[in-house]
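Participant: Those sequence lines, one after another, are chains A and B. Numbering-wise, the first sequence is residues 0 to 368 according to numbering that gives the first Met the number 0. Numbering-wise, the second sequence is residues 0 to 312 according to numbering that gives the first Met the number 0.
These aren't lab readings, by the way, just hints derived from the structure by calculation. Please note that a few of the clues may not be correct.
Straight-line alpha carbon distances no greater than 27 Å define the calculated DSS-like cross-link-like pairs of lysine-lysine that follow [what the hints assert, rightly or not]:
no.: 1; chain 1: B; residue 1: Lys-216; chain 2: A; residue 2: Lys-205
no.: 2; chain 1: B; residue 1: Lys-94; chain 2: B; residue 2: Lys-69
no.: 3; chain 1: A; residue 1: Lys-2; chain 2: B; residue 2: Lys-249
no.: 4; chain 1: B; residue 1: Lys-94; chain 2: A; residue 2: Lys-217
no.: 5; chain 1: B; residue 1: Lys-31; chain 2: B; residue 2: Lys-152
no.: 6; chain 1: B; residue 1: Lys-289; chain 2: A; residue 2: Lys-205
no.: 7; chain 1: B; residue 1: Lys-94; chain 2: A; residue 2: Lys-2
All values derive from a computational prediction rather than experimental measurement.
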Amino acid sequence: MVKSTLLQLISIQFKEFLREPGIIFWALLFPILMAWVLGIAFTKKGEVVRQVALIENIDSTNINLRDFLSDPQIKVLKSGEHQQTFTSVIENTKLGNTTYKFLITSWDAAELMLKRGKIAVILVEHEENVEFHFDPSNPESQSVYLQLSAVFNDASFIYETSTIRPLTKAGTRYIDFLVPGLIALGIMNSCMWGISYALIDMRSKKLLRRMVATPMKKSTFLIAQFSTRVVMSFVESALLFTFAFYIFKVDLQGSFIALLAVFVAGNIAFSGLAILVSSRTAHSRVGNGLINAVVMPMMILSGIFFSYHNFPDWSVDVIQKLPLTMLADSVRSIFNEGAGLSDVLFEAGMLSAIGILFYSVGLWIYKWY
Amino acid sequence: MNPTTENIIEVTNVKKYFKDVKAVDGVDLEIKTGEYVALLGPNGAGKTTLVEMIEGIQKPDSGEIRINGKKWRGNRDALHKIIGISFQETRFMDKITVNETLKMFASFYDLDLDRVQLILKLINLEEKQKSYVVNLSGGQRQKLALGIALLNKPPLLLLDEPTTGLDPTARREMWDILFRLKKENNTTMILTTHYMEEAETLCDRIVIMDQGKILAKGTLDELLSENKSGEVIEFGLEGNGHTPDFSRLKGMQSVHYNEENAKGKLIVDDIAIQLPHFIDTINEQNFKLKSLECRKMTLDDLFIKMTGRRLSD
Chain A
0 MVKSTLLQLI
10 SIQFKEFLRE
20 PGIIFWALLF
30 PILMAWVLGI
40 AFTKKGEVVR
50 QVALIENIDS
60 TNINLRDFLS
70 DPQIKVLKSG
80 EHQQTFTSVI
90 ENTKLGNTTY
100 KFLITSWDAA
110 ELMLKRGKIA
120 VILVEHEENV
130 EFHFDPSNPE
140 SQSVYLQLSA
150 VFNDASFIYE
160 TSTIRPLTKA
170 GTRYIDFLVP
180 GLIALGIMNS
190 CMWGISYALI
200 DMRSKKLLRR
210 MVATPMKKST
220 FLIAQFSTRV
230 VMSFVESALL
240 FTFAFYIFKV
250 DLQGSFIALL
260 AVFVAGNIAF
270 SGLAILVSSR
280 TAHSRVGNGL
290 INAVVMPMMI
300 LSGIFFSYHN
310 FPDWSVDVIQ
320 KLPLTMLADS
330 VRSIFNEGAG
340 LSDVLFEAGM
350 LSAIGILFYS
360 VGLWIYKWY
Chain B
0 MNPTTENIIE
10 VTNVKKYFKD
20 VKAVDGVDLE
30 IKTGEYVALL
40 GPNGAGKTTL
50 VEMIEGIQKP
60 DSGEIRINGK
70 KWRGNRDALH
80 KIIGISFQET
90 RFMDKITVNE
100 TLKMFASFYD
110 LDLDRVQLIL
120 KLINLEEKQK
130 SYVVNLSGGQ
140 RQKLALGIAL
150 LNKPPLLLLD
160 EPTTGLDPTA
170 RREMWDILFR
180 LKKENNTTMI
190 LTTHYMEEAE
200 TLCDRIVIMD
210 QGKILAKGTL
220 DELLSENKSG
230 EVIEFGLEGN
240 GHTPDFSRLK
250 GMQSVHYNEE
260 NAKGKLIVDD
270 IAIQLPHFID
280 TINEQNFKLK
290 SLECRKMTLD
300 DLFIKMTGRR
310 LSD
């Protein structure tokens with residue numbers, strides 16, 4: 000006897016997946032790679048290099064700057080006819096060292112470098128003081144200004160390291176913010192690409208209508224799609240978590256049952272959305288665009304990589320209602336705030352309801368032939 | 000007795016219009032159990048639309064379709080079980096093997112693995128059963144599509160251009176499989192094609208369609224004799240830019256002449272009588288014959304006579 004229709008469909012989908020090495024890379028390895036790269040970039044503060052343009056005035060009486068620049072520790076990197084480069088390191092064990100490169104140049108050249116983002120601040124040395132020119136909305140320029148002005152205004156400036164308490168406890172680092180977000184993103188991508196794209200592709204190949212022109216139940220077919228996705232995103236998430244656990248010591252502080260509930264609800268939400276998105280078009284390229292139109296805004300807005308609280312206040316209310324935001328916030332609260340089932344029950348319910356709604360609408364307008 | 004027992008398919012005054020095309024425009028068709036029927040016509044004749052309505056994939060705007068006395072509405076599952084379908088250009092999953100594809104479809108019909116093996120043998124793909132679909136040739140893919148259509152031993156087979164794009168050997172092989180089915184299982188089949196030869200060799204009855212209407216239907220002999228079948232004189236001239244005037248020739252059924260390539264075709268009642276007059280006419284009008292062929296009329300000639308166009312257009 001041939002396996003039951005459901006098992007047969009699920010096994011076919013797995014085979015299709017596993018026989019496409021490209022898909023395995025993007026679905027399984029890419030999120031881990033992303034966690035690794037971003038985790039390294041944002042958790043271990045390496046040595047930061049800041050470039051600053053300096054327009055010199057040799058007659059300056061501003062002793063602090065002169066002293067700073069004539070410090071024996073300062074190395075002259077490059078000395079040409081028109082341009083000289085000094086470098087100076089402000090050491091700090093907790094924030095990481097900051098190396099300043101001073102490019103001695105003219106105003107015009109400095110302005111050009113600022114426009115190109117090569118330097119963060121232009122220093123203009125006057126007879127009595129130093130002027131800082133920079134874009135105040137650029138955080139990098141701001142931090143350069145704060146550090147350097149402190150140095151120049153008080154030559155005996157000591158970086159008060161004893162008052163800085165870096166947060167290194169699990170749950171408060173960037174990687175702790177990132178990994179739950181990536182898990183949520185993985186669920187969305189797995190459903191949207193795995194279901195929508197596969198169905199649109201099958202429709203464009205006329206395979207969908209061929210399969211429907213048999214006694215196969217449409218519900219069985221869709222349940223197979225959903226089941227495959229749940230298993231697939233479970234494997235993806237588990238791999239990502241294992242990686243983050245061993246490499247970055249990311250820990251699950253809340254309830255596993257709650258995580259499971261939110262995980263299944265997320266899959267329901269995005270499977271429903273995937274059915275809706277794939278309900279009409281028979282062109283893979285249109286499908287590609289449609290999926291991106293749904294996936295991209297959420298990826299940017301839902302606070303996967305950076306907090307959505309930087310968006311204007313009025314938009315935060317809307318953003319918080321996006322399915323990906325709900326999913327990411329819930330997963331994050333379970334990971335980092337120790338949330339339990341009752342804390343995420345509302346979100347899980349909402350996600351499931353959204354999924355069922357999208358699924359019903361999608362099925363209602365679905366083009367099988 | 001149920002009047003529909005003999006006719007497995009009854010199509011009554013079926014119409015299907017799209018925005019600016021009358022795809023199927025008032026078609027009546029009955030097909031008896033065990034009959035092989037060819038729907039013959041050029042691209043855009045409405046063959047596929049008609050077949051897809053019989054397959055239950057498209058709904059007619061008006062008219063009625065019954066299969067085994069049943070309409071599609073409310074009988075989908077029952078009808079799917081007795082029909083085998085092969086669409087025009089279905090593409091199966093690339094990296095799934097022939098065997099796996101068949102097994103998946105077999106599961107839709109609750110069939111066992113023996114049936115899959117039997118089909119593999121029938122369509123002659125046993126050696127390819129472990130190959131990915133993506134690595135099959137065009138002919139092998141069409142055979143796989145046919146194999147899937149045959150899985151459930153369907154009494155009714157609906158094949159939409161099953162041999163389009165295949166080389167003659169592959170086409171022959173498909174025909175052999177279909178012949179065997181007719182002999183062994185008393186299968187009924189509708190097949191659309193724009194290959195005359197396929198219609199002539201494979202089918203008991205031929206239905207000629209063009210622009211959504213049935214122009215003629217019957218056995219090959221019936222079609223040719225009902226339409227005052229004649230004989231054909233095909234000729235080529237040394238072109239001088241003019242069209243020869245055949246208006247004085249008697250016993251002529253139709254004349255076609257193409258000034259560009261200086262080739263023409265006459266359908267006449269009797270070659271033995273008309274040929275000498277034809278040659279006289281050519282000579283009188285100072286044309287020079289380059290080629291000449293006389294033969295019995297074929298379906299293609301009949302089609303040109305009815306529509307003024309070739310089947311392959």
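Participant: Indicate, hint by hint, whether the structure satisfies it.
Facilitator: Here is what the structure says about each hint:
A hinted pair counts as satisfied when its Cα atoms are at most 27 Å apart, and Lys-216/B with Lys-205/A does not qualify at roughly 30 Å. The straight-line distance between the Cα atoms of Lys-94/B and Lys-69/B is roughly 38 Å, outside the 27 Å bound, and the hint therefore fails. Among the hinted pairs, Lys-2/A with Lys-249/B is inconsistent with the structure: their alpha-carbon atoms are about 71 Å apart, more than 27 Å. Between Lys-94/B and Lys-217/A the CA atoms are separated by roughly 23 Å; this keeps the pair inside 27 Å, and the hint holds.
A distance of roughly 18 Å separates the Cα atoms of Lys-31/B and Lys-152/B; the hinted pair therefore holds under the 27 Å criterion. Annotation: proposed proximity of Lys-289/B to Lys-205/A is violated, straight-line Cα distance about 49 Å (limit 27 Å). Proximity of Lys-94/B to Lys-2/A is assessed by CA-CA distance (about 20 Å); at most 27 Å being required, the pair is judged to hold.
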